[in-house]
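**Student:** Residues per chain, in single letters:
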Amino acid sequence: MLDIRGLSKRFGYGKGEVTALHEVSFKIAEGEFFTLLGPSGCGKTTLLRLIAGFTGPSGGSLVLDGKDIAAMPPNQRPVNTVFQSYALFPHMTVGQNVAFALEAQGRPKSEIDPAIDKMLTLVQLLHLKNRKSSELSGGQQQRVALARALVAKPRILLLDEPLSALDMKLRKDMQIELKRLQRETGLTFIFVTHDQEEALTMSDRIAVMSGGRVQQIATPRELYDRPANRFVAGFIGESNFLSATAKGGVVEVARARIALPDVADGAVTLMIRPEHVVLSANAPDVLQLEATVAQLVFFGTDTHVHLVLSDGEKLVARVQNALHGGQTLNEGERITISLPAKALRVVRDEEIAA
Amino acid sequence: MTKRSFDVTKLPGTAVMAVACFVILYVPMAILVGYSFNSGNVIGNWEGVSLRWYGAALHNQAFLDAAINSLILATTASVISTVFATMAALATTRTDRFRGEGTIHIILNQPLMVPEIVLAIALLIIIGQIKQATGYTGLGFLIAAHTTFCIPFAYLPIRARLEGMDLSLETAAADLYASRFYTFRRVTLPLLAPGILSGFMLAFVVSLDDLVMSDFLKSPGQDTLPTYLMSELKRNLTSEIYAISSLLLLLSVLIVAGSWVATRKKD
Amino acid sequence: MSGPETWRRWALALPAVVVIMLFSILPLGVVLVYSLLTPGDFGNVKWIFSTDGWFSVLFERNIFDDTIGLSGANLGILFRSIVLSIVTTLITLIFGLPTAWFIATRPPAQRNFWLFLITIPFWTNLLVRTIAVQEMIRSEGVFNRILLAVGIIKEPIQMMFSDFAVLLGMTYVFLPLMVLPVYAAIEKFDFRLAEASYDLYASRFFCLRRVILPLIRPGVIAGSILVFVPSLGAYVTPRVMGGGKSMMLGNLIDLQFGQGRNWPLGAALSITLTALVLIALIWYTRITSGRKEQSHD
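Going down the list, the protein sequences come from chains A, G and V.
Note that this note's numbering has the first sequence beginning at 944, numbered continuously upward.
Note that this note's numbering has the second sequence beginning at 893, numbered continuously upward.
Note that this note's numbering has the third sequence beginning at 134, numbered continuously upward.
Looking at chain A on its own, in the form it has when it is part of the complex:
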């Protein structure tokens, strides 16, 4: 229901001009939990503000429910935002904050009061209705900001890194909360974050962004298993990259070979996730390499095994401690490792520039 077509944004002019967004195009469906993911400066916040209406696009169009809303001021768009700083009105109570959008629209009191109560119940803050918003904890403020943005039943809810100010435990709880809310209300959420783990756990689809461009849009699973390029592969989850050469369907790395059909000739980058690296000589269809154990790092549930290949390239393997029962590896030890063909991905180096 949101159709972004060739949307671009430039700031400044002349020599100082900066392009924050390079002609971005994609669609978001109704009821989706859609995430914009990327490092700072990638353009995700700019895109969010364009959708909210606080900035105008330099080019392209923004179509919501079939109407171009690029020229519509924010106070007329059926799009509400949960701000990173929450932006709760400090001089109003929780209840008054939540009521704000409805009052601004001129709804009658008889309609507003039950709506507030319903929304506060949804975020479990009904008992704080008359508390001043400045007297709440971070987590509570965040939920008020949510309730405030949801009460007017917007077509889209925008969330600008809303969990970044919370501590770890609270963050995890809120992630579950948000997901639940989205399911219950059935609204379309557009979530902005730089935390890939957060994006993976919560989203229906993720748009990975970098340098003002969308690198890949896919479900979390797809992004993890089939990253479109090196950036996405490196940004989502952990990954190992190996430089290799391909010729006639055969890829060579550190004097080892594996048959990978459909790979174009020339220099390629192979990617494999640490948990797929097998620490023994194994069955057919693997890339078998000699490596030295450089370092073992204990991580509670896993151990990270840092390896160095014969040609100097580095690799990290992840082994579940429960499965190994004890230290069977020593630093400095020489072992053979296997990289299964089906776990190997060929990734493009260049980022998408379309």
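Check before you lean on any hint, since a few could be wrong.
Said to hold, decoys possible - In silico DSSO-like cross-links for lysine-lysine, where the CA-CA straight-line distance does not exceed 30 Å: (1) K1075(A) with K1115(A); (2) K1023(G) with K1126(G); (3) K1052(A) with K1075(A); (4) K1110(G) with K378(V); (5) K1285(A) with K1257(A); (6) K1126(G) with K1110(G); (7) K1052(A) with K1072(A); (8) K1190(A) with K1115(A); (9) K958(A) with K902(G); (10) K321(V) with K1075(A); (11) K1122(A) with K1061(A); (12) K1096(A) with K1061(A); (13) K1096(A) with K1122(A); (14) K1096(A) with K902(G); (15) K1112(A) with K1061(A); (16) K1122(A) with K1072(A); (17) K1023(G) with K1010(A); (18) K1126(G) with K378(V); (19) K1075(A) with K1096(A); (20) K1023(G) with K902(G); (21) K1075(A) with K1126(G); (22) K321(V) with K1072(A); (23) K287(V) with K1126(G); (24) K378(V) with K1023(G); (25) K321(V) with K1110(G); (26) K902(G) with K321(V); (27) K1096(A) with K1052(A).
Read the hints as simulated data drawn from the structure, not as lab findings.
Please arrange chains G and V on chain A, whose structure you already have, making use of the hints.
**Tutor:** Coordinates of chains G and V only, in the frame set by chain A:
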């Protein structure tokens, strides 16, 4: 082509009213300055450009005497009040509560809370008695009066500056064997200097500007610029008034510009 | 705090305290005393206790039939002082608020220029500025000349020496005093809150009313006090603009020490004026400290 962004800082009508406000503020003053160059005799009858009124003012002994009086008064009063205010600020800032602190505070701010006319007649009464008793009619009374109302004006910026200063610097100095006085001289004072300068300038301008107090307390021959201007206004309506006013206006512009430059540099 | 430390603090503050006590606080006490004495024949006082001074503030004795009535003249002046001060405060607020908003919302580079512009009148001699206003509206002044030249009027309009003139004068000279505190408050305003309000469908006016104004209220109150108090005790501006026709409390007091030759009355009036100002200041402190507990960063 950038479509115009939604500006959260925009409120319809404010720009128009603000500009109108500035125009309203400056037009009368501009006209005043303009008329000071009037070569005509009758005030307001424009006849041509001339500097004659400035010349007249500068040759007017009464005006010059008043100007000198104002300068002496302002300088003396602001120096004394700034020194006293600095001491008072050091005494009352960045300290744990001590007995009588609140009282000192109220006393220091008291002249600001009383209308000037009231202070003027209060001093008129007392100084009248002293004049009768001692026969002294020198500038001392005016200096005392000006110093009194200048103290709060000097106190406020100094105190503000002092409160914003980092206490740890003086602690560091003490750690490095500096005596109290040495610390004050080499650490506190230099850092406090901008505040003291602000306070001094504020006191200076306030003293220079004063009409009420000076008018009530002066003895013959002790006109200050404002009191001279006032008496000329009542008596003699020539463009000389506008010339003098323009000179005072220029002085204000120079002081404001000077303090702006000073604060840019200090930062 | 230890004994010697307290002494040291007091010693530092002593010069300032002594000066103010001698030349500001003590004299006020003398005024209070004088308000309870009898007027001398040629001014000054006779050291005879009398409550006439206080009596004459509001009442007057009819010399013919010895009845006591309200002093129309004095009450009129008292009333005028309060009303004109309130109106001046309102007008400076109406003009000052948009001006402060304008300055505070300029880009930082430009802002200094506008601040510079508003600061100059602030620092310019009060008398000079009053003279400037006077030139505009006096009979041979700018307005009348223009209107005469254009032919709209045949004779100059008398605007000086009236309540209108005094109001105009006070509004003009006190306007910068309103702008600066309001500007300071707007500068501290978190515009993200305005953004949030627009995100939630507020119109510009709704945002102004429900978000902006409540949060800049401390600045508005500070500005109001900064205008109201000097207006109440104004002397120079009403003297120049109002002459003897439109006197305010300050001029009335002045009169008693000049032609009026009634020092006790003058003293009583002074105490009255001081009391009015103190009431306004106390009200201000009460309002702002109440808010202070509730304001948060």
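**Student:** Work down the list of hints and note, for each, if the structure agrees.
**Tutor:** Hints and how they fare:
1. For the hint pairing K1075(A) with K1115(A), the CA-to-CA distance comes to about 26 Å; that is within 30 Å, so the pair holds.
2. For the given pair, K1023(G) sits about 27 Å from K1126(G) by alpha-carbon distance, which is consistent with the 30 Å threshold.
3. About 20 Å separates the Cα atoms of K1052(A) and K1075(A), which keeps this hinted pair within 30 Å; it holds.
4. For the hint pairing K1110(G) with K378(V), the CA-to-CA distance comes to about 26 Å; that is within 30 Å, so the pair holds.
5. At roughly 20 Å between alpha-carbon atoms, K1285(A) and K1257(A) fall within 30 Å of each other, so this suggested pair holds.
6. With a C-alpha separation of about 17 Å, the suggested pairing of K1126(G) with K1110(G) holds against the 30 Å cut-off.
7. Restraint check: the Cα-Cα separation between K1052(A) and K1072(A) comes to about 16 Å, which is no more than 30 Å; the hinted pair holds.
8. Between K1190(A) and K1115(A), the direct Cα distance comes to roughly 47 Å. Violation of the 30 Å bound is thereby established for this hinted pair.
9. Only pairs whose Cα atoms come within 30 Å are accepted, and K958(A) paired with K902(G) is accepted, the gap being roughly 28 Å.
10. At roughly 20 Å between alpha-carbon atoms, K321(V) and K1075(A) fall within 30 Å of each other, so this suggested pair holds.
11. Among the hinted pairs, K1122(A) with K1061(A) is consistent with the structure: their alpha-carbon atoms are about 18 Å apart, no more than 30 Å.
12. Taking the CA atoms of K1096(A) and K1061(A), the gap is about 12 Å. The hint holds against a cut of 30 Å.
13. Simply put, K1096(A) and K1122(A) have alpha-carbon atoms about 17 Å apart, close enough for the 30 Å limit, and the pair holds.
14. Restraint check for K1096(A) and K902(G): satisfied, since their Cα atoms lie roughly 27 Å apart, inside the 30 Å limit.
15. Only pairs whose Cα atoms come within 30 Å are accepted, and K1112(A) paired with K1061(A) is accepted, the gap being roughly 27 Å.
16. Under the criterion of a C-alpha separation no larger than 30 Å, the hint pairing K1122(A) with K1072(A) is consistent with the structure, at around 23 Å.
17. Of the supplied pair hints, the one linking K1023(G) and K1010(A) is violated, its CA atoms being roughly 86 Å apart against a limit of 30 Å.
18. For the given pair, K1126(G) sits about 15 Å from K378(V) by alpha-carbon distance, which is consistent with the 30 Å threshold.
19. Distance check on the hinted pair: K1075(A) and K1096(A) sit about 24 Å apart at the alpha-carbon level, within 30 Å; holds.
20. With a CA separation close to 60 Å, the supplied pair K1023(G) and K902(G) exceeds the 30 Å bound.
21. Restraint check: the Cα-Cα separation between K1075(A) and K1126(G) comes to about 59 Å, which exceeds 30 Å; the hinted pair is violated.
22. Restraint check for K321(V) and K1072(A): satisfied, since their Cα atoms lie roughly 27 Å apart, inside the 30 Å limit.
23. Taken as a hint, the K287(V) and K1126(G) pair is honoured in the structure, with Cα atoms around 27 Å apart against an allowance of 30 Å.
24. Our distance criterion of 30 Å between C-alpha atoms is broken by K378(V) and K1023(G), whose separation comes to about 34 Å.
25. Between the alpha carbons of K321(V) and K1110(G) the distance comes to roughly 44 Å, so the proposed pair goes past 30 Å and is violated.
26. Using a Cα cut-off of 30 Å, the hinted pair K902(G) and K321(V) holds, with the two alpha carbons roughly 16 Å apart.
27. For a cut-off of 30 Å, the pair hint linking K1096(A) to K1052(A) stands: about 17 Å separates their Cα positions.
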